Amino acid sequence: MTPLLEARGLTKRFGGVVALDDFNVDVLPNEILGLIGPNGSGKTTFFNVVIGIYGVDAGNITFDGADITGASPQAIYRAGIARTFQRSRLSLPLSIFDNIMVGNHKRLNQGLWFNLMQRKEFKRELDDNYRAARALVEVFEPRLADKMFEPVAGLPMIDRRRIEICRALINEPKLLLLDEPSAGMTHDETSELMSDILQVRDRHNKLTIILVEHEMGVIERITDRCVVLNFGRKIAEGPYREVAADRQVQEAYLGVAL
Amino acid sequence: MAGAEPKSRASVWPGIAALVLATVYAIALLAVETQQFIMGLLALAIVAVMAANWLGLLASVGRSFADRENVLGVLAILAAFTVAAFFREDHFVLLLILTVLLYTVATLGLNIQFGYAGVLNFAGASFFGIGAYTSAVLNAHTAVPHLVVLLFGGLLAALIGSLLLLPVLRTRGHYAALVTIAFALLLKTFLEVNDVLGGPQGLQVTGMRILGWSFNDNIAIGGIELSFYMSYFAVSMILLVGAFILVRRLERSWIGLNLDALRLDETAASCFGVDTARWKITAFTLGNFLIGIAGALFGMVGGFVAPNNYTFADSLILVSILLLGGIGNPWGVAVATIIVVVVPEKLQTIQEYRFLLYALLIIVVLLFRPEGLLPRQVRRYFPGWRP
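Those protein sequences? They're chains A and B, same order as listed. As numbered in my numbering, residues -7 to 250 make up the first sequence, in order. As numbered in my numbering, residues 3 to 389 make up the second sequence, in order.
Chain B on its own, in the form it takes in the complex (with noise of 0.2 Å):
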């Protein structure tokens, strides 16, 4: 975490100028095809970033978002949406920006659990499929509004998680993180031995409609053809945003601080009257919560689940996203998801390597950079209060 700060609040533009270019890069890089193309995109991305931090550019990013993250945040969303507008007819692409956003906010789910109160949870992408199997079920067999599929597919998610309180509550650090990987394995196996819901060949699932307008078609307004994942973005965005907004008041409130205190140590934390075993039940439900609603639209998105689909591997690359942003840091989430996501998806050639390179890059991140590429910030409560 960072030391002192200047006392008048900072410019806001370095900000904007960072958006801007990531605006830029992000649709350069989505757009070019060309192998030897993207490893240079890729590459430029290092250096610059490299050469941005020895200039102290990124200093001064940082301290901007840090005091205007309001009004940067809305710069994000739309920035965001530019992307997502420019690519507005490519399948291809916009679902792998749909794949970003519902990762993020997953991740940022695991984010509440490990990141605040240090429950280290190796089963996030299960949550994520009991999300996805949700979806699968009620939209088949029921009548429930779609959008309301979601908040079941959260809650369903936090209810399973519940059966693992009790463990995770009497074990600490490493034991109950084996509670999580032992309920990971249990919940694939049962899955696929459970023919109600589809065994290993999974589930289908019905695309997402709301007031009867599918999202499963394509989109025309006046002559412009939009493909039919830009009304899935919309409403990936609004889940990211809200998740966002959530982790960042969860955050920088009392709350947060207990989940801090507890996490660093919980004997102390106990002698100042905080309940441990409370606050951490609260995390990992908000958190599994979350990651089930998620996975509930991610099932939608995708119209297939799985037991497959939702390893331990996947539950890994949730868990490496978070060591990769930096620990505790929202946007630190969302850069790495970006950079765990696409880069394997862009880089084909590495495609059958990728579990490698995402191993070399949180050793040489453990090594280099411990707390992540964007280290969480010591806590200020409300962005750019200086009482």
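Extracted from the complex, chain A is given alone in its bound form (with noise of 0.2 Å):
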């Protein structure tokens, strides 16, 4: 099967530091890919190189069949990624609607003269996108469906991050990137939320996941395949509880044993 993203050799430098040191690795479609290894391994790096926040100083990524190494953010969203932040970063002062509808920026018509005066055409984009965004909503918490125009910084943490996924999601990306989605969030919140993401992704199966998680609980119920990384490099990759025997692996959580 041809892998979806591809990344070979991938390096990138901070000064001295080695985030990310000739890291290989193939997603295949419609797989859930956990990304662990300890704090500072470079896995929120690579999403970062990935989503085009980062230049790489060496290696390349392919997605989908086209190179899209040095990509602007912009480019690669329109490519079909989309990511979710490690610390939540919605427009707090906006609506749960308009936070959802930032994520569906490429298919809102983003003219001039569209906008600003052919307001009954606008109207009816504007009818039709809030039922998709509603309808989304509806599968992570119904009840949310009905607060569509308050402000998110009202809401509790894991409302803030379903929300984030909504918008993550409302564009339906080929992959999604999911940053510590747990993060901030109690146990049982976040298997509730992972139960949701699993609901979404049966409903449109075209959805391959990368997460990032420290929560092993987690990455043992949803993942397919495990990458574990440590200082940048990939240290083991498979199925997680192989990873998780690993000798090697649980040497860069542990430490060395004397």
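Derived by calculation from the structure, the hints in this document are not laboratory data. It should be emphasised that the depicted structure is a prediction, and the values quoted were computed from it without experimental measurement. There could be a bad hint or two in this list.
What the hints assert, rightly or not - Simulated restraints, written as ranges between beta carbons of each label pair:
| hint | chain 1 | residue 1 | chain 2 | residue 2 | range |
| --- | --- | --- | --- | --- | --- |
| 1 | B | L165 | A | V9 | 38 to 48 Å |
| 2 | A | G103 | B | Q206 | 36 to 46 Å |
| 3 | B | E268 | A | A58 | 19 to 29 Å |
| 4 | A | E212 | B | S164 | 51 to 61 Å |
Beta carbons are placed, not taken as given, at the ideal position from N, Cα and C, and that holds for glycine.
Two chains, two frames, some hints: make the complex.
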């Protein structure tokens, strides 16, 4: 099977620190790939490189058959990759609907004339997108669907995560990057959120997910395969059980036995 | 930004009541000359607004305006015409009203830049001045129709503003603001040493003339004598209404959403495809265009431009209007402009101390009502839209 995302020899340095060191990974279509490793091992850097926030010092990334190395975040979004952030990065004063619509950018008519003058057509586009956004929110939490025009600032963490994931999913990306979705939530909340994500994935089955997570229970439960990073290098790859039994991985997390 | 709203559309009456009261109050304040009376009226307004706020009346007025904006907007125009008609022979009061209208247009431009795109422009008065100088030069040396001159004023302000685009796009937040301050100082110096543009003495601006009808002659219809400022008032109103609708539609569109997204988190916005440079350029240019048009008309109204009329201090006044009114809310901008322009003019005793007053006012607002007098509401793409 040809991989959806293919990274070859990725290297990213920050001054003397090598955040990614000759990193190779294949992400297969429709799989959920767990990306794990101790703090500072390069997981978030990998996301930022894929999404185009950081350039790379060496190596290349192919997505869906096209080389996206060095492309702008905007171009990569249009190619079909969406992400969530480790620290929730919603626009807090904006409503739920507005936040989700930010993620729908490529489907919205951005013309100045359309937006300012063709208000009837705009209204039609608005109504269509409102229905789509509401339907997506209902999958995660029907209660939120009645609060579409309330500011996100007043919502608890789990709801903000849900909206962040809705924002990433609204334009039906091919690849979703989830950066520690459990951060700041209780065990039960995390488990609930994961069930919602799996539910959405079942609905449109063309979604591939890369999940960065410290909560090993989550990794074990939902990933098909794991890649373990340490100091920017891949030290293990395979199903969670195999990877967790790997001696190098245990040493990376627990330190070397004397 | 406010929270949940009831399902049904709000009544139009609280808004009408507020407009009627505001009209009567504005006429009274503008008509009264005695300083004690003026102070009494101002104190009355403060007490009345606070009481109304406490009783929850302001909230219902707010809901009324949010849901019935189109009707109330038309009535607000009527209210403005009523006030102007009341003072139809009074040059001084009409000039004051015109100043309010055109400063509102300029601050609406600033609102697009700072309120939506988050680009703080401390050179507002400079772009206003560019518009006024455009009128002075074009009216004196060319036969360009004067309404078109207004357009040129806006275009020139937008064009000169585009010189700042590169440094503004390459810097963020406070640093971009510093770029605009530098520009304001440079422009003033340039105008002062440039003899072609009149140097420090400035230039005279010929009054507006449309199809042979001079705006600088008083108007006599039947037996009624009207101040020549009445025709300027009509043009300014058209300009203000146009600018208001433009700003409103911009906010209530995907473009307004893009601008909010990039202001609040540029990196996150980029990750969802928002072309941050494109929208910053659009907002900055559109804002300067509005400021330039307002300046061009203001130049014709005043009949005179000089570098000293458009200083950094005037730019600060424009910014403080925006902070006072409620960043992002055009109604707030209109109310704040009335306060900032009219109060010092009527209260002659504080004329000398007006900057002190502005400073105090801004500090009080930032302390007790940091989102401004009329905070921006959550975006409803159409007035009263409840899907």
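Checklist line | Hints that the structure is at odds with (numbers, increasing) | finding: none
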